[in-house]
Amino acid sequence: MRGFLFFLYKEVVQFLRNWGLLIFVTYAFTLDVYIAAVSMDVSLKNASFYVQDYDNSPLSRELVSKFREPFFSFKGYVLGEDEIDELLLEDRAIGVIRIPPKFEERFMEGKKVRIGILVNGSEASASNLFSGYSSRIISDFLIKELGFEEKPLEVRRRFLFNQNADSTYFMGVSELLTVLTLLLVILPASAVIREKEMGNIEMVLISPFPTRLFFLTKSLAMTLVILIFTFLSLTVVIKGILGAPFRGSYATFLLITSVYAFATTGLGMFIASFARNMLQVIQLTMMTLMPMLYLSGTWSPIESMPKFFQYLSLLMPLRFYIESAFGIIFKGLGLSELYPNVIALLLIGGLLFVGGNFFISRRL
Amino acid sequence: MRLHRVKAIYLKELKELARDRISRVVVLVVPLIITLLFGYGMSLDVENVPFVVCDEDKSALSREFVSKLKENREFFNFKGYVSSQREVEELLLRGKAKFGVVIPDSFGERLKEGKSANLQVLIDGTFPFQAEVSGTYVDAVANSFILDLIPHLREMPFSIDTRYWFNEELKQKHITSSGILAVVFTVSPAIFTAIIFSRERERGTIYNIYTSPVGRLEYLLGKQLLTLSVYTVNVLFLSLVVVFLFKVPFRGNYPFFFFATELFILTSSSIGMLVSTFLRTQIGAIVVTMIITIIPAFLYSGYLIPVSSMGREAYIEAHLFPTLYYMNIVKGSFLKGVGPLSLLKDTVAILFFYILFLSLSYIRFKKRER
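Protein sequences appear in the order of chains A and B. 1 is the number of the first residue of the first sequence in the working numbering; add one for each residue after it. 365 is the number of the first residue of the second sequence in the working numbering; add one for each residue after it.
The following block holds chain A by itself, in its conformation from the complex (with noise of 0.2 Å):
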């Protein structure tokens, strides 16, 4: 017991006194956060256009002034087809309102006119979400000129959980659940790699101290110092700067965390078992932790993935964990709500855990 505590001591010193990797894991837990949260956005914010008005009339004037911020942002006026080309090829505009000539004048009458919306196609998120808004914001416009009232139809939305569907507070958290996905496979194998390539391995091995204890006291010292950071991200930079809600509690949300830390710490240790040099490392890390980000929903939502990628998703540790991670902070669930995930965690985890320590202690 006094030798393992004395491990742990020694790999917590040895992190803290890498002052690069301290200051940037430092970083990754605190200003990478608050940057992917505050810039990260897709939703239509400030989406610049332009108008290509051939009536220049007050209800083409009134039309556009529809398009209103924070949703667009309008640049200016263009005439001409040459212009629209240079203005959507450089990218300077997600779409050009097109109102035809005579089209205050042709609509009282009732004639048909037609009102074009051309779309930068090559900006992703936004090309979609433009189209859809403007032409809600034009018949919207048209039909209450037309004399109706009221929308005859009213659809009234309600976000529930995250208000105005904010999306701050999601990327704030799920690149919080990146950076601690990363770091908990990347420290704990490179805390192994740094000991093989030292050549410090076989003082361990001829050692009395039991080397399978070894690298559970590696993976249990990065953990605990993960959790630590993950904490303060949560209270300081989620809750206390960004203002996120999180309506569970911290201590449901630390013990899922640590779950989830276990699994991937034993990922990490398979990766140290077949690596022998950091630049193995981090690829392997790459090539398993690319797939696990992209299949666990962090990215794009799971029931909108191929079949196939839904059963894998199945196998993700982080899939679960992510589920649990947006329950508590948005949702406010609780571990009764939450257990058939922490169940699955446990299974997948353990199974990590146990095959990554016993593998890699085997290897050596």
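I should point out that these hints are in silico values taken from the structure, not numbers from a laboratory. Among the hints, a few may not be true.
Here are the simulated SDA-like pairs of lysine to any residue, each with C-alpha atoms no more than 25 Å apart in a straight line [as the list claims (entries may be wrong)]:
(1) B:Lys611 x A:Leu89
(2) A:Lys307 x B:Glu564
(3) B:Lys379 x B:Arg565
(4) A:Lys112 x B:Gly478
(5) B:Lys460 x A:Lys66
(6) A:Lys66 x B:Ile524
(7) A:Lys196 x B:Glu564
(8) A:Lys66 x B:Lys379
(9) A:Lys307 x B:Leu400
(10) A:Lys196 x B:Leu378
(11) B:Lys731 x B:Arg644
(12) A:Lys45 x B:Ala504
Covered by chain A, according to a simulated footprint, are these stretches of chain B (three or more residues, beta-carbon under 8 Å) [claimed, not checked]:
(13) 370 to 380
(14) 495 to 506
(15) 620 to 627
(16) 672 to 681
(17) 717 to 727
Selected chain A positions facing chain B (in silico; Cβ < 8 Å) [what the hints assert, rightly or not]:
(18) Leu16
(19) Asn18
(20) Ile137
Heads up, the beta-carbon is just placed ideally off N, CA and C, and yes, glycines get one too.
Given chain A's structure and the hints, the job is docking chain B onto it.
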């Protein structure tokens, strides 16, 4: 500068890589996996969203509306009726559905009398983009429902023509799966280069270089040449993957695209080089390089968020990092079909960054320990 010394460094690095069984495979496989995942997976097309309906009206009209929603199989996945709003909220809470439509009991009656009716959509806002898009889809269904319903509205005196440039069917996948090349060629050459530089320092073999006649520039270029040759294989292979597997049309000038990409790989590799002159340990150099490259590559390059819509600070920040210019070249070559002339500005910008990073590394890299 002597070319044979550059060559010697290059050959030494090549041998080292060739002897390293895992790395040899992995430098070629990792970019492929990332490209495949994003090409197939990074889908901003929201599809198959599970939803429930609470129909308090149970009239012919409300049933017709629900069947309109159900028809849209590609977007929506109907999970069944529930009896109360509370139940909808409960299902959303447990993640069984992503949104629920609540139709009030006066719905059919009011519509028949020509009065304005309403319905409520409860959306799980946890995943904001999906929530937003689902809401927009329901709106669209409601709009077409009402247009079909009210006979004199059918002859609407207006129509809206939407046309998508560069991407006629507006396949988000075309954008994400070609754009991923810009992300891959920013992040992985940088990390690879950071590793091959910092490794020598950590192992102490750098002293061989210090005591040898190899000049600083020769050393830097020799190592960069290795990165370049490894990633040239990737450039050729990955462009084939994007065109043939993901079926993204290539409309530009391939030789130009190839050379611009090579230049860009040199640029991103010098980011890794520069970082490793500041940090002593491999893990430090790697982590810093990752942090410096991954965020700008995804966020400030116009990959997911249009640069033209960015706030002032983000807009400036985006222009301070080379990925944006290369992204323009990727989009220009794949989606827009423009040639070298229109992309000259971007190419010059990349060249500028390369010279800048290379000179900074040259200044920072000293042939003795501090």
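Here's how the hints hold up against the structure:
Distance check on the hinted pair: lysine 611 (chain B) and leucine 89 (chain A) sit about 22 Å apart at the alpha-carbon level, within 25 Å; holds. Only pairs whose Cα atoms come within 25 Å are accepted, and lysine 307 (chain A) paired with glutamate 564 (chain B) is rejected, the gap being roughly 46 Å. At roughly 18 Å between alpha-carbon atoms, lysine 379 (chain B) and arginine 565 (chain B) fall within 25 Å of each other, so this suggested pair holds. Only pairs whose Cα atoms come within 25 Å are accepted, and lysine 112 (chain A) paired with glycine 478 (chain B) is accepted, the gap being roughly 24 Å.
Of the supplied pair hints, the one linking lysine 460 (chain B) and lysine 66 (chain A) is violated, its CA atoms being roughly 37 Å apart against a limit of 25 Å. Proximity of lysine 66 (chain A) to isoleucine 524 (chain B) is assessed by CA-CA distance (about 16 Å); at most 25 Å being required, the pair is judged to hold. For the hint pairing lysine 196 (chain A) with glutamate 564 (chain B), the CA-to-CA distance comes to about 16 Å; that is within 25 Å, so the pair holds. Restraint check for lysine 66 (chain A) and lysine 379 (chain B): not satisfied, since their Cα atoms lie roughly 64 Å apart, outside the 25 Å limit.
At most 25 Å may separate the alpha-carbon atoms for a hinted pair to count; lysine 307 (chain A) and leucine 400 (chain B) meet this at roughly 16 Å. For the given pair, lysine 196 (chain A) sits about 23 Å from leucine 378 (chain B) by alpha-carbon distance, which is consistent with the 25 Å threshold. A hinted pair counts as satisfied when its Cα atoms are at most 25 Å apart, and lysine 731 (chain B) with arginine 644 (chain B) qualifies at roughly 15 Å. Among the hinted pairs, lysine 45 (chain A) with alanine 504 (chain B) is consistent with the structure: their alpha-carbon atoms are about 20 Å apart, no more than 25 Å.
Beta-carbon proximity to chain A at under 8 Å applies to 0 residues in the segment 370 to 380 of chain B; the threshold of 3 is not reached and the given coverage is violated. Note: the segment 495 to 506 of chain B has 9 residues with beta-carbon separation from chain A under 8 Å; the three-residue rule is met and the coverage holds. Under the rule that three or more residues need a Cβ within less than 8 Å of chain A, the assignment of the segment 620 to 627 of chain B is violated, with 0 such residues. As drawn, the segment 672 to 681 of chain B meets chain A at 5 residues by the rule of a beta-carbon pair under 8 Å; at three or more, the given contact holds.
Judged by the Cβ-Cβ criterion of 8 Å, the segment 717 to 727 of chain B is not covered by chain A as claimed, because only 0 of its residues qualify and three are needed. Nearest Cβ of chain B to the Cβ of leucine 16 (chain A): about 14 Å, over the 8 Å cut. The hint is violated. Taking 8 Å as the C-beta contact cut-off toward chain B, the hint placing asparagine 18 (chain A) at the interface holds, the least distance being around 7 Å. Because the smallest distance between the Cβ of isoleucine 137 (chain A) and any Cβ of chain B comes to about 10 Å, over 8 Å, the interface hint for this residue is violated.
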